[in-house]
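J.: Let the sequences and hints guide you as you build the complete structure.
Protein chains: 2
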Amino acid sequence: MANPVLILYAHPSPNRSKVNRYLFQAATALDFIRGHDLYDLYPHMHVDVAAEQQALRQHGAVVLQFPLYWYSAPSLMKEWIDTVLTSGFSHGGGEQALAGKKFMVAVTTGGGFNAYADGAVHGALLSTYLAPFEQTARFCGMHIELPFIVQGAGDIAASAVNEITEQYKSRLAGLGE
Amino acid sequence: MANPVLILYAHPSPNRSKVNRYLFQAATALDFIRGHDLYDLYPHMHVDVAAEQQALRQHGAVVLQFPLYWYSAPSLMKEWIDTVLTSGFSHGGGEQALAGKKFMVAVTTGGGFNAYADGAVHGALLSTYLAPFEQTARFCGMHIELPFIVQGAGDIAASAVNEITEQYKSRLAGLGE
Numbered sequence: 001m002a003n004p005v006l007i008l009y010a011h012p013s014p015n016r017s018k019v020n021r022y023l024f025q026a027a028t029a030l031d032f033i034r035g036h037d038l039y040d041l042y043p044h045m046h047v048d049v050a051a052e053q054q055a056l057r058q059h060g061a062v063v064l065q066f067p068l069y070w071y072s073a074p075s076l077m078k079e080w081i082d083t084v085l086t087s088g089f090s091h092g093g094g095e096q097a098l099a100g101k102k103f104m105v106a107v108t109t110g111g112g113f114n115a116y117a118d119g120a121v122h123g124a125l126l127s128t129y130l131a132p133f134e135q136t137a138r139f140c141g142m143h144i145e146l147p148f149i150v151q152g153a154g155d156i157a158a159s160a161v162n163e164i165t166e167q168y169k170s171r172l173a174g175l176g177e
Numbered sequence: 001m002a003n004p005v006l007i008l009y010a011h012p013s014p015n016r017s018k019v020n021r022y023l024f025q026a027a028t029a030l031d032f033i034r035g036h037d038l039y040d041l042y043p044h045m046h047v048d049v050a051a052e053q054q055a056l057r058q059h060g061a062v063v064l065q066f067p068l069y070w071y072s073a074p075s076l077m078k079e080w081i082d083t084v085l086t087s088g089f090s091h092g093g094g095e096q097a098l099a100g101k102k103f104m105v106a107v108t109t110g111g112g113f114n115a116y117a118d119g120a121v122h123g124a125l126l127s128t129y130l131a132p133f134e135q136t137a138r139f140c141g142m143h144i145e146l147p148f149i150v151q152g153a154g155d156i157a158a159s160a161v162n163e164i165t166e167q168y169k170s171r172l173a174g175l176g177e
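Same order as they appear, the protein sequences are chains A and B.
Sequential numbering from 1 applies to the first sequence in our numbering.
Sequential numbering from 1 applies to the second sequence in our numbering.
There is no bait here: all hints are sound.
You can't tell identical chains apart in this list, so a pair holds if it fits in one copy or across any two.
Computed list of lysine to any residue pairs in SDA-like fashion (alpha-carbon distance at most 20 Å, straight line): (1) Lys18 / Asp82; (2) Lys18 / Ile164; (3) Lys18 / Gln167; (4) Lys18 / Ser87; (5) Lys169 / Pro4; (6) Lys18 / Gly35.
Simulated from the structure, these hints should not be mistaken for lab results.
T.: Right, here's the structure in full:
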């Protein structure tokens, strides 16, 4: 692949994951993917900023992969964003280290598609809840790709997980071109 | 006041705050307010869940006060949400400890009002970025109050801070009724 892909993966309870861990395992078996399992790397939430910034520089595409927790990412994903995307690196002072790189969110939700709408139990379209992440990347000059979304992840059949994993690999291959 | 108010305050760089710290200081001087300065209480991001849940039970209104960081709250605010609002406390299993309480976001932004719109530098209305927090409270059965918003907080005049502080105290008094 011309374009190596960096996946930042944040799941606070990886052993309870029904979908995410399989997606991450399959993805990181591909030779053009590098995966950072943030809760494994940083169990005390102390992100190695220099290492993360160096990894970003070495990759042409960045994926944030996480289960939706309270209509957003788990907190360590946000700590990564807050500490790694700093003025003088990703923006500010004429620096824009991520400009032109591809960006994709890969998100799973426990609730199904119909639960995410005005007046439904989860109140708004999923796109509303992904807006902070996509706008962060846009502010850094990245190209926003359509998100990879798995809804109803709590009761998904094992056979469906295989199919979804293939779809994910296909999307990642697209990012790697 | 009939209704004691709990403020959860999250600012990772409190000494650089131009507005938030004055709002929090003025608020916590009021006798019906209890303030938890999360970055002061939990510098290693290890939230005392039992203490936070007990405080929530003792108050009739809850305020999340923070500066907008990358279109969301600073990460410790999210860690508080992820760890404190658990199944069997705020939702699930017939429990809904926060039901009927008032909820308000108090947020400051560095960018001005006009920067938050479709096509503007910050991409969407501020209400879009507050949606995850308000929907979290709504899911827990809380009554959502209009947010308290200060925009352009980076270059605000000292005289304006006094006026804004009075407005904040007035809003808090309303929550306390």
